[in-house]
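There are 4 protein chains.
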Amino acid sequence: MINIALYGAGRIGCVHAANIAALYPRAKLTYVFDTNVATAAAIAGKYGARQSDSVEQALLDAGTHAVLIASSTNTHVDLIAAAARAGKAVLCEKPIDLTMARVDECRKVVAEARVPVQIGFNRRYDRSHRAVRDAVRAGEIGSLELLVISSRDPALAPLPYLRVSGGLFRDMTIHDFDLARFVLGEDPIREVFASGSALVDPALSEFGDLDTAMVVMKAASGALVHINNSRRAVYGYDQRVEAFGSSGMVQSGNLRASAVTRFTASATDAREPLLHFFIDRYAQSYVDELADFIGAISEQRPPSVNFEDGRIALLLADAACESARSGKAVPVRYA
Amino acid sequence: MINIALYGAGRIGCVHAANIAALYPRAKLTYVFDTNVATAAAIAGKYGARQSDSVEQALLDAGTHAVLIASSTNTHVDLIAAAARAGKAVLCEKPIDLTMARVDECRKVVAEARVPVQIGFNRRYDRSHRAVRDAVRAGEIGSLELLVISSRDPALAPLPYLRVSGGLFRDMTIHDFDLARFVLGEDPIREVFASGSALVDPALSEFGDLDTAMVVMKAASGALVHINNSRRAVYGYDQRVEAFGSSGMVQSGNLRASAVTRFTASATDAREPLLHFFIDRYAQSYVDELADFIGAISEQRPPSVNFEDGRIALLLADAACESARSGKAVPVRYA
Amino acid sequence: MINIALYGAGRIGCVHAANIAALYPRAKLTYVFDTNVATAAAIAGKYGARQSDSVEQALLDAGTHAVLIASSTNTHVDLIAAAARAGKAVLCEKPIDLTMARVDECRKVVAEARVPVQIGFNRRYDRSHRAVRDAVRAGEIGSLELLVISSRDPALAPLPYLRVSGGLFRDMTIHDFDLARFVLGEDPIREVFASGSALVDPALSEFGDLDTAMVVMKAASGALVHINNSRRAVYGYDQRVEAFGSSGMVQSGNLRASAVTRFTASATDAREPLLHFFIDRYAQSYVDELADFIGAISEQRPPSVNFEDGRIALLLADAACESARSGKAVPVRYA
Amino acid sequence: MINIALYGAGRIGCVHAANIAALYPRAKLTYVFDTNVATAAAIAGKYGARQSDSVEQALLDAGTHAVLIASSTNTHVDLIAAAARAGKAVLCEKPIDLTMARVDECRKVVAEARVPVQIGFNRRYDRSHRAVRDAVRAGEIGSLELLVISSRDPALAPLPYLRVSGGLFRDMTIHDFDLARFVLGEDPIREVFASGSALVDPALSEFGDLDTAMVVMKAASGALVHINNSRRAVYGYDQRVEAFGSSGMVQSGNLRASAVTRFTASATDAREPLLHFFIDRYAQSYVDELADFIGAISEQRPPSVNFEDGRIALLLADAACESARSGKAVPVRYA
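Residue numbers (our numbering), protein chains in the order written: chain P, 1 to 335; chain Z, 1 to 335; chain R, 1 to 335; chain F, 1 to 335.
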């Protein structure tokens, strides 16, 4: 049984806590820490865990095998580093951090500690997106030539959140950058072009942010990747991946709560809006992500989505930011 | 070149006239007859044909190779018989007649005259329905076990038309009976059960008619067939065939004018209403039906849909009427 | 907290046990009984319940609030009666029994005991089928005129199971009869016609059973209902409901494990096979069914699907059996 | 009646000739010219037109009202200029020319001659794409924010054709540039980024061409446009437009020859490959394009798709070429 300490008892922390409980007896939630003491207590109580008074408490406990970091982004690198130094396995929500320098410092600590660190790119575990990757990897579509990712949030997040989010590319597109790499497999992205606008709320441009964007990337093989983003899709959370290759195409589509179709005098085949947001749309992915993390620890295999994956996604986001400013395709330097 | 005389210059007569013109120089419209002299003249003028003063004129002309009968149902058997006696090939709109005795009399004349007579079951030529039949015949779904036909008109025809229509089963379902036979191939229908209601307009029950019906038939092989009908589908002309077998299923779906899909806050994937009625929905089938008729004459092969097909469809309709009255499954006697 | 004793630790018993656990602390599994002692012990152990030595043990415990009957059909009425006499609420898998006389006897016991008895027609809780019912009830499609239910199992059950199953109509179609009633609402079915064949395995006809069937029913309003069944659909568990009315249509479609679509040189838009069987297809329905049962007990409201619903479904199945034999539409007598 | 002279009796010339014939008596094909005398004679014979010995013959005939230019691209500007000087209305296939300088010269001639010149951007007349434009213009999706065009040919054209085609952007993407402008309406494109590869046939890179490309463009409003192209889609001619806006989305999808769906043990809902290429996919658009051209002449209104539209599409193609070379977003200068 893997004993897990949870840092961060917000919305996504709750999802993880419930998923840990469902994996019992393979895993158990043992500690919960949150600066909001009440929410930490609530989750700890619900799942029979202890509420930590401090960050350190769980790390000092030799019975703690892993930590799950679901706190705010600015706390990630310090928590990863502390956990790594304490020899604990880590599952940390994306992004690692908004600043490459801080990521690189943390990277050294992780490398020295040799603990498994998994980054929370849950979409890799979504059954539909993963089936696209599997089909590509199995050669079902021949050589991958075009990859089109449509990724649109249902509604703009509050401005205070957006102000400290690191901007569209680091906060939202970062998932799509990772998903693109997941489907591309061994074919590294060489070049990033990005362009964006603040159309949903022009106020975003006051702090240099965008809410509507398009990206084009070229991989080493010559394969081309497109990502389009909006912060507001009125019909629901739009999450599609289309992989086109020399012998076919495979698409991952959207999910809805039911399979109902309506026919009236004005419309036919009409379906309900898409699942509203990531907690619902990606519910299954969070379960599988956690199971894979637990499995990696139990079987002493490296995590499937590692620190470097988190770092490269940020690299691509940084390149997109630069490109959106300069109007030029920006080469990606991985070293 | 096959010279064709057209009887009946109404809505469907116009469709046929245009289709004959498009087949030029394989075929040519040479005569048009209609009791409404003005409409006959209009069509004749448009396509360079002669307007007949009488039914006989075209039949007496040795240059007439075929007649296309698109006049009202009560004129069909007399026109078929006259044309057959004159040695002309016949393409006659369904149904042959509403009364089996009259059909059987006409059948003798046709048999003696040995002219090719094709009945206008145009749906057999619809690309989608035909693909279902082809798939079944090719063994794609293994043995056919269940056949489900949904066939719904967009709107109730006017009561005066309905009063003389022969009733739902002979006027509307007759197409579905034929389509069922088309998909069943060599497997004859042994038994018909039918049940119906007058829900669209209860006034229909005053003259013993129905506007909503369900049929279940059993074929010699044990395969089961279901037909459901409504005289009014607000979302358009609904025409579907589903053939289910031991190794798969094939469906023929509906057609729309465009491939547009809409997404709003209340609905996703919404498409436009179905093509409104048979002139649009089955436009392609009328073209192919005529080409097949012309081909049969030119190549001196028997027509693909013959007099007997028309007779059996009426036999099934009669059985359905009896079943709806008696509440019993009615055995079909073909002799 | 509602304490529940489980009778029957087979496949569906396990599903219920897990669902009870997930409802904690609203409900708790306290006893498990199964003639197979080992499987009872396994489930009891997994969820911290006691393994009963006898049927009576849990019923004698005043702390037991409800029993969930998931044992074989022939044990249902005795267990319902025993539980009812002990004053326990009951959730019993369908069918109540295969014999109307036994159902009617049990009905008296239940009536006297005045305990809530819910019958496990889980499909009523399926989000998609329920949305169809909700749309009909809300008047979205005007008056319901045609109801078409396609219900096909992925593969034939083993012959030993089928021999004692009560036959297709009582074992399989019974779910569809109930679903039809669910959508029809206050409009009672007046007449049942059924026809069937043994096409999947002709050996079934040796003991008078069918594996392929079609039903047509007429409701008091004149609305018509069609059900088609097969015991073997190679493409997966096919479960569809189509409700057609005076102002539109609403359909509930099939479910798949992912939203992936494939395009090759020979096919486009191809999706994966349907979810294989009821445990997967109706997973969500079992959760909601149990929650509704727990809710009914907690809030002291009558269960949403009651003993009478179970009885009427059997009544319709019996009528279908009689019709398939006689070739006549059989009137339904509810008294 | 508009008398039309046809220049170019190749594949697309034949399509136009048949469409002119179908518009009779609103229009009539009077002359056919082609350097291949035999094909010119064949078409002329089929439709009762005269075969021209020279380019001039039809232009010298005062009875010629319009010319339809369907000859090879390098002849377009000379024919447009000659026809304009002769005072004839012109419908010219895209592109006007591959060189902006030649287009600008021709533009002067056209401006002086004041004859209506329509450029053959037939996709604007496709019912589905046009419905997208109509929905956007009607405000159905609010403000347009993202426009995604997927445009993929079924198979690579022969290398000799490609060598003189002007390259992917001028030969193929030019249709998509125009379609983007059609949907954008009054919102001009300000900036073009393009990136491409020769993946289908690396031999294309020998003469600097691409077969796989992605474009991102930004309009004055901040709306973003993406185009992706491939010269080879094994599943058929893939032509999709997706317009996303502040209150919804509208998509135009692909067309197939029938509405058949297949279900097997390995795939469900599988449809046939897409219509193979533009002659089939856009058949309806060519009919409507011609009717609109005839209408414009008859009603003396300016053509819906004019010379300037042809020129701007080339401007965007040139910008794309430059961007693909430089790796920079290229500003569009319309003057």
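Do not take every clue at face value.
Listing some non-contacts, in silico: residues in chain P with all C-beta distances to chain F over 12 Å [claimed, not checked]:
1. 23
2. 55
3. 60
4. 138
5. 194
6. 196
7. 198
8. 210
9. 211
10. 219
11. 222
12. 232
13. 235
14. 242
15. 248
16. 331
Derived coverage of chain R by chain Z (criterion: at least 3 residues anywhere in the stretch with Cβ under 8 Å from a Cβ of chain Z; other residues may be distant) [as the list claims (entries may be wrong)]:
17. 72 to 80
18. 266 to 280
Think of the hints as simulated: they come from the structure by calculation, not from any bench.
Glycine included, each C-beta is placed from N, C-alpha and C at the ideal position.
(request) Identify every previously stated hint that the structure contradicts and give their numbers, smallest first. (result) Failing hints, ascending: 5, 6, 7, 8, 9, 10, 11, 12, 13, 14, 15, 16, 17, 18.
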